[in-house]
Each structure stands twice: as C-alpha cells, then as structure tokens.
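Each chain, letter by letter, is given below.
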Amino acid sequence: MDEKYRKSTIKSRQEVFTDRVATRIWNETPSVNNPYIAESCQCHGYDLHALAHHKSFSDVIFLLQKGELPTPPQSRLFETLLISMINPGPRHPATRAAMNAGVGKTNPAHILPISLSVMSGEHLGGGEVTAAMTFLRKHRNTVPQQVVDDLLKDNFRPDEGDWHIAPGFGSHYGGIDIVPTQIAEALLKQPGKGAALSWAKEFVTSLHPHSLGWLTTGVAAAAFLDLGFHPRAGAGLFQLAAAPGLLAHGLELANKPRTALPFPDDEHYFYEKKKTAVTKDERKKYDEQYR
Amino acid sequence: MTNNTDNAGANKTNAYETWDKQRGAIHTHIGGWEIGVSVTTYGHSLIDELVGKKSYFEILILSITGTLPEPRLAKWVEALYSCMSFPDPRIWCNQIGTLAGTARASAVSGITAGIQASDSRMYGPGTLSDVYNFLSFAMEHRLKGATVEGIISSKSRHSGSQPVIPSFSRPLASGDERVIALNTLTEELGFKWEPYMVLVRDIELYMLRKYNKSMSLPMFVVGFLRDQHWSLEQIQQVLSIMVTAGVAACYSEALEKPAETFLPLRCTDIDYCGAGPRTVPI
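Heads up: the protein sequence lines correspond to chains D and P, in order. In my numbering, each residue's number is its place in the first sequence (first place is 1) plus 674. In my numbering, each residue's number is its place in the second sequence (first place is 1) plus 593.
Here chain D stands alone, though its shape is the one from the complex (with noise of 0.2 angstroms):
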C-alpha cells in the first residue's frame, strides 16, 4: 500500500478524554503538609476508622459495592455465603494451581494473582458465576418447570463430563453436587433470602429427576442478585471470596520440598501423537477394508 495513502487514511478519532478520574466511593482528605498524603479517608461517606472500629469485613464489602451498609439480613446473608464459598477445596482446579505455584516456588506474591486467574473459569469459576445471574435475571419471570423443559428440549447431554444444562447448574462429577445443595438450604432459611434464591430452588427441584443440582456458582449467583449485585459483579466477587482459601493452600506448600505434591512419573506418562494425516499403508488398508 502507498505510504502516503496510509498515513492519509488512519487518523485519531478526537476523543474528548476526562482530565480527571471520578468515583463516588473514596474521598481522601490531603494533610496540610503534603498534598499526596491523605489524612483521612472516607469510604461512601462513613471514615476508614469508624469502619473498622463498628463494621465487619463483608459489611464494609458490601458498602463498597453497593454504596451502602447492609440491612442485618443482608448482612448475615452475604456473611454465611462469604464464608460458605471461603475455600473451592484442594480438589478445585484454581486451589491445585495455588499448591502448584507454591510447591513451585513460585514467588509468594503470585500464589493468590495465579489462582484468581485460574478462579475467573466459566467452569466453577466467577466467569460462571456472572453467567448464572445472567441467566437467573433473564428467566425470573418465566415458570422454573418451563425453563427447565425448554433447556431439556433444546439441549442434549454431552457424550463425556459433566453438563451445565445452565451456568450455575448441572451436575459435577457426573452428579448432584451435595455441598452447594446443602449452602443452598443453609441460605433459604434465612430472612435475607429473596426471589434468586426462591426461583432458583424451584428450578432445581426441576432439574432433579435428571441428575442435575446446584453447583457453587449458581448459589453464590443467586445469592449475589438477592443482595443486589450487577452480574459483573458476580465474578469478582466470587473470586474474593474464595481467596482465602486458594492462599493458605499455597502458602501451605510454598516451604515445602517439591516432591511434596506427587509428579506422575513416566510410566504414567503417555506421550499419544495426534493424528494428522492419512499415511499410504493406512490408506491401503481403509481400502482393503471397506472396497
């Protein structure tokens, strides 16, 4: 292409950039000395110290999310699924990554970053997660029973793995998962619950006969949307809360030795080339076989 042409044809879209970065939820106040430092730092309005004198952890979350404090059933809501989604267990992919970083020895400082990673999946992870409120959102207004024919109706389950007939839902490893049924039941009971939560349930129920449950993520979406939390929250937030666990699982392994996670050796160890093209004497033999 002529040099001259190019240049004339890419030009800057103009733009009109903000000069400054906004948010509605910290103030700092600058000490009289020094402009840079902050004297006093206020979260929505509430000051830092007063939070964290007063308010829990989760509250002051929630606050940042939400631009406000709880209501206590909120309050105790999002403080039992926090703690009920505090660790995906050593088994979960993003926990694994975690004690694979730090029997690695990977620098301490990563342990959490590469686990979140692995964490943001569409398969049990916070990708799912806002997926299953999107999806909870889009269908509140629809009969549980007919969402679940209409998905039964359109979809099929796969030959192998497990099936999310909708993200949040389905079975794991081949059936109804027991702990998530069991947060579930723990958070229907209490008076935080809203309509997620209810539909959710019955959508279940529906799902049922065919070996589908709840699975993590579905409860912790519809649980994230009876507090009132965007889908885009859903992801981050699910992830926050199961940091602690992906870090101590890391940190357990980081002074470890590194045989101290196993490491198949090669007898377990299959090197199986892919197939990528039709040899001659596999081509004489098709034919042999099938002429």
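By construction, these hints were calculated from the structure, which means they are not laboratory data. Hints may contain errors.
To be verified - Only pairs whose alpha carbons sit at most 27 angstroms apart, straight line, appear in this in silico DSS-like list of lysine-lysine:
hint, chain 1, residue 1, chain 2, residue 2
1, P, K748, P, K803
2, D, K685, P, K647
3, D, K729, D, K812
4, D, K685, P, K646
5, D, K729, D, K740
6, D, K875, D, K827
7, D, K740, D, K867
8, D, K863, D, K812
9, P, K737, D, K827
10, D, K930, P, K748
11, D, K827, D, K812
12, P, K668, P, K647
13, P, K785, P, K737
14, D, K930, P, K806
15, P, K614, P, K646
Chain P: place on chain D using the hints.
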C-alpha cells in the same frame, strides 16, 4: 542528599516535587504512537522500518534494550525460547496452563497465569537473578586473582560441604540437553567465547571434576548475555515470557477435553491431617 522520609517531607514545601514533576504528563524515551503519522520505537518507525523487515525477537530486544540487536543475537534468543518450550503438563508452570484450560479460564488468563508461575526460585526466569549475582561475585574475585576452586569453595555453607552454586541443581534431571543445543548454536552463529562464557566454562569444568555436576541452562544463558553487555534487568525482561509455548500447548489441550478431567481427584484422594471435629465457640 534529600531525606525522603514522611517527617522530613512534612517540613518542606517541595517534599513531593518528584511527583509534581510527573503530574499530568508522561516522559518517555521509548517512542510512541502519533496517530495517523507514525509509531516509533527508539527512533525506528515500527511500520515502515521494522514490520516485515525485522524479526519479532529483534523488535522485542529493541523495545527493552533500546538498540536493534544483530540478527544472530535475536536468533539466539529465539532459540532459547524454543529451548524453554517443553509441552509437558507435569512441569509446574505448564500445569497451571492445563488447570486454567480445564477450568475454562480464558486463554489470556490461563497462559499468563502459567507465565507468572515461572517467576520461580526453582526454574524459569525467576532463577536468573541468583545466577547473575553469582557470576558478578565470581568475576570480581577472578579479576582479583582468585582461582575457580577458591571462588566455588567460598560458597560452601561450612568447610568440606558441597558448595551451593546457582544453576547446578536443575529440578528433575541432571545435565541439560538445552545447554548442548544452545552451545552448538552459539558456535554456529560465530559468537566468540568472551570472559563470562570462559568463566562459566571453567566453573562447570571444576564442578564436573569435583562434584560430577554440570550446569543447567540459566548459567549458560546469563553468562552469554553478560558477554553481550546486558544488565540483569534487561535479561529478566527479554526472557520474562520464555515459557509461553509450553504453557500454551498445555492450556490448549486441556481446553479440548471435558472440564475438570485433568488428573481428577476423588475426595478420598486428599489426605486430611488437621484437627478433628470440634464445636464452634460462641
């Protein structure tokens, strides 16, 4: 000298001058994008001079060192990246790629998570600083007349014990096929053996003779790049993503398989060895 403590700053009107100078402006030596006119990297037009005419590794090295390298040096770095492309999901950083794939994390999340893991004291680019610092120590003492034996024995924790020399304890294997491959390439490309490479070779000969230990890749790499007059920071930055291909391979394969099927674990596959059941205190 300016005292930068908060207390000292509080009594000066210009304690935050450093930040004020940078406030609202970016000062860069790199270059930039002048929309519709040019993209410049250290004085070179990216589109007109570099794209299609220089290799990616020449541009990568230029972007970090500020100087266009000889094509053979870029080829050497590319070969090093190839050496670091083991597609085996058992290797720690690769396994994180696999786990990200099996958890359906995005490609960027999964592959960068694996790369992040390679910032390790045990393998990958995280090991380079220890090697670099050891070679600084060794060269300093050699120039003062110390023998290789003296330099190495000074790294023993106590008299008579085996010395702890970085890059002489490769995980999982002794010996390093990658050193042989890179050594051959180094000679094919016509690089001479400069002081650091000579030092590295002398150290390895001593370690082989005395302890039957050969060096692994980081020692060879850092020795070579020090002879190219690269700083530790430049070495770390150019090599920061050298495990990419191996991680990507593992991520890619895991993504093709059903979720969570990589070495799946039953509950009983986990041994719990903590405290027994107890009542929550109220």
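Broken hints, numbered, in rising order? Those not satisfied are hints 3, 9, 15.
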